[in-house]
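Asks: Residue strings, one per chain:
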Amino acid sequence: MREIRYVDALNEALREEMGRDKNIFLIGEDIGPLGGTFGVSRGLYDKFEKKRVRQTPISESAIIGTAVGAAMTGLRPIAEIMYIDFITTAMDQVVNQAAKLSFMSGGQFKLPLVIRTQEGSGTREAAQHTQSLEAWFVHTPGLKIAVPSTPYDAKGLLKTSIRDEGPVIFIEHKFLYDKRGGVPEEEYLIPLGKAEIKTKGNDLTVVATSLMVYKVLEVAEEISNEINIEVIDPRTLVPLDIETILKSVEKTGKLLVVHEACTRGGIGAEIVREVAEKAFDYLDAPPRVLGGLNTPIPYSSSLESICVPQKEDIIRAVREITK
Amino acid sequence: MKSKLSKEKLINMLRLMYKIRYFEKKAKEFYTQRLITGALHSYVGEEVIAVGTCVNLKKDDYVVSTHRGHGHCIAKGGDVKRMLAEIMGKKTGYSRGRGGSMHLFDKEIGFLGGNGVVGAGLPISLGAAFSAKYRNSNQVAVCFFGEGASTQGTFHESLNIAGLWKLPLIFICENNLYAVTTPVSENVSIPNVGDRACAYGIPGKTINGQDVLKVYETVYEAVQRARNNQGPSLIECKTYRYNPHCMVIKETRPEKEIKRWKEKDPIIHFEKKLLKEKVITSNDSEKMKIEIEKEIEEAEAFANKSSYPDVESFKKEISVF
Chain A
15 MREIRYVDAL NEALREEMGR DKNIFLIGED IGPLGGTFGV SRGLYDKFEK KRVRQTPISE
75 SAIIGTAVGA AMTGLRPIAE IMYIDFITTA MDQVVNQAAK LSFMSGGQFK LPLVIRTQEG
135 SGTREAAQHT QSLEAWFVHT PGLKIAVPST PYDAKGLLKT SIRDEGPVIF IEHKFLYDKR
195 GGVPEEEYLI PLGKAEIKTK GNDLTVVATS LMVYKVLEVA EEISNEINIE VIDPRTLVPL
255 DIETILKSVE KTGKLLVVHE ACTRGGIGAE IVREVAEKAF DYLDAPPRVL GGLNTPIPYS
315 SSLESICVPQ KEDIIRAVRE ITK
Chain B
125 MKSKLSKEKL INMLRLMYKI RYFEKKAKEF YTQRLITGAL HSYVGEEVIA VGTCVNLKKD
185 DYVVSTHRGH GHCIAKGGDV KRMLAEIMGK KTGYSRGRGG SMHLFDKEIG FLGGNGVVGA
245 GLPISLGAAF SAKYRNSNQV AVCFFGEGAS TQGTFHESLN IAGLWKLPLI FICENNLYAV
305 TTPVSENVSI PNVGDRACAY GIPGKTINGQ DVLKVYETVY EAVQRARNNQ GPSLIECKTY
365 RYNPHCMVIK ETRPEKEIKR WKEKDPIIHF EKKLLKEKVI TSNDSEKMKI EIEKEIEEAE
425 AFANKSSYPD VESFKKEISV F
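Sequences listed follow chains A and B, in order. For the first sequence, the residue numbers in our numbering are 15 to 337. For the second sequence, the residue numbers in our numbering are 125 to 445.
In isolation and in its complexed conformation, chain B is listed as follows:
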């Protein structure tokens, strides 16, 4: 079952991918300027997965994210102003500066947060999906995690239970080929994480995570299954991050390999496709980029002028502990 994508949807996908990329560019810039001083994990290179997945979701569907979650938050409909403010530790941020880059939450859009512990989101996503089923709400939950998380025990517990209880849950494994610096060949005992699904009696797929339409279609089917009470799915998206694991870890991957992945950049590829198929004109595309840049600039201004959280209200807040 495939969905025919409208022109609006295709353009929206391109817009979201650029928005993530521009946001990450700004975050990196702020980090080098010491305006952002904490942990920062860039999603650049993997934008396709968040976008191809989240455009299938409704506002009240749930997303459980990771330490590398900026892209998930934007794709789910997060507010870049509050995101940037949070990452800068400002009180106008999503969590009033309590969470930071790895812990973006937005209750209004069912965004259940990033996580600083690899693999910790998997059991939490069970709860969101269980809750949807319990309340008969027809919501679904998506759990993003990396191939590095697939080697945690929580992966096994969660896929077993999701399969057992037929939860409306889509596991999206973003296999970017490296767990920090350890290559997947030293991490995962089989070539494809998607193949693990059969052990839990659920459908599993391994797809090109650099092809946004492929991600969209595959997740579309999984979401339909979940909404129709047919249970969970596991989708492994092969991808690549353009930056090292985080800002403080130095690059260990072969230069040639990085170059090779960048040469087939999925956003540029998708944009070219839309141009070629006359879904957009180059004018549209330029206009879109200017609009996104402006939105990011507005977020920058908002975050910059926001103040840091005040100590007094923090002390009051923690007195309940």
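Pulled out of the complex, with its shape left as it was, chain A reads as follows:
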């Protein structure tokens, strides 16, 4: 299988879906000639009619609102919010409008729209460009949330999200765009709500999301002689494939969730709740979440990296939980 970058996998998904359905259009800041700040829509402005790659002023509420209104009236918008941090200025449109209007209209209107954005730290951009805010949207009924970690997942999940009838928040990570991985030439789709078991193991279940999947896989590889880890990437947080996680925990008896978002109120807490409620009798150790520190991400290089789980933190947590 050919290997391509995550950013190119996303680009292919957009290109293919836009080619398939003329009602699909892109809307966002700097997505025209530049192709988006992270290059996800590169080349699409030249390939498609101008109206289909709608570059906007810096007006996040209007970007999401336009997507909402367009989705209600027959189009399939894909909005890009440059940094997930900036979605805060459009929270009403996301939380009160996109997530609810289908429900509030008694199902008369569907909202087939995707909001693509990216999160994560490590770029020395300080606390307003580095957050991982996925849990906010998990807490809003009416939204689906995809957090693909590999180029394969990025393409397959984006295509499915575009075809989905409900709003999907599609969260990328700024350090994933250059990751390479196998992506078939032929078309494929990945259903929302289907986790992937990345490596099989019997000693410990580690659920990891987004960039943390790579760090956890490295750890699992490094200590494979010592501890046999089963790594699971849920790939979407809503719907969450809790069955796959429960099944794994029933086998290993131990659970660690690793994510970059701060630990308090994060998706890890939700996964631990599910496991505690549904697989308590299988647990041989307290389930644990290794997330980011409860702090705004600091600017200085000497501080930034200690705020989110690093390999050594993961190794330590794995050892503690399995000792």
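Take these hints with a grain of salt, some might be off.
Computed footprint of chain B on chain A; a stretch qualifies when at least three of its residues, placed anywhere within it, have a C-beta under 8 angstroms from a C-beta of chain B [as the list claims (entries may be wrong)]:
| id | region |
| --- | --- |
| 1 | 111 to 120 |
| 2 | 257 to 265 |
Some chain A residues judged to face chain B by a derived CB distance under 7 angstroms, without partners named [stated by the list, open to error]:
| id | residue |
| --- | --- |
| 3 | G57 |
| 4 | K65 |
| 5 | S73 |
| 6 | S75 |
| 7 | A76 |
| 8 | T80 |
| 9 | T102 |
| 10 | D106 |
| 11 | P155 |
I should point out that these hints are in silico values taken from the structure, not numbers from a laboratory. Ideal placement from N, C-alpha and C gives every residue a C-beta, glycine not left out.
Following the hints, complete the assembly by docking chain B onto the known chain A.
Replies: Chain B alone, transformed into the frame defined by chain A:
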């Protein structure tokens, strides 16, 4: 460019205005009887704006409404049966009891819903107008909002983009002089919201929102512009609501002021005009009122006998969340 109004159209306008007023009267009555128990914002006093605007629209044109949206829905051609049922939380309502008074939707007539968040409809109306332009459908979108919404950031974002992309969109600011209880003088930094249009390179007008023909003519021109690809317009209609903001907020406005506005009631004024110009006779008028009353009574019977949404199907519906 003015449209010559046919007799039928004039009578229809009067009928729609009375229909809104009678509907609102019934809703208020139901509220006091506890048959309606939720949020309720009366449109009485402002009927002229919805009617003068919507009679310019085609069935497939879009309307984005507000929390005070009953009048918009009726003027766009909404079904009072399903409206009343929805406001009572019944399963025969427009949204099967999921939305209520502030959230009336009717896909069949391009009615994209009221909204519980002041100013939230503005960006959504961009999407409807963008969609019409994208599909080359020659539809237009109308966005109703109050002067209270004109102070939200979404107003700026939306007018800027509408002007920039020349969207087929008509912004109708219903300036009823109070944002809940805060007078416009403490809300808006200039006398006329309509004057803000120049900042976005679009035409703006401030008109007497109690004069249905004035509203009709002004919106007519704006709709023509929108259909001819000449872009959006902002129309501010000065108006007045006869009731407090909603049923649970007490009246704070000066009694004299309320009395003064009620004395020049726009519906009665328009009816007198039609009588004087012999467009209708007093017989026609009485007959019309009886017909509307009957229609509202039918809606009442329909809503009353409808059942509440069942919990089981609701639970099934939400399992996808």
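Asks: Determine for every hint whether it applies to the structure shown.
Replies: A quick look at each hint next to the structure:
no.: 1; hint: 111 to 120; verdict: holds (count 6)
no.: 2; hint: 257 to 265; verdict: violated (count 0)
no.: 3; hint: G57; verdict: 21 angstroms, violated
no.: 4; hint: K65; verdict: 6 angstroms, holds
no.: 5; hint: S73; verdict: 4 angstroms, holds
no.: 6; hint: S75; verdict: 5 angstroms, holds
no.: 7; hint: A76; verdict: 4 angstroms, holds
no.: 8; hint: T80; verdict: 4 angstroms, holds
no.: 9; hint: T102; verdict: 12 angstroms, violated
no.: 10; hint: D106; verdict: 6 angstroms, holds
no.: 11; hint: P155; verdict: 4 angstroms, holds
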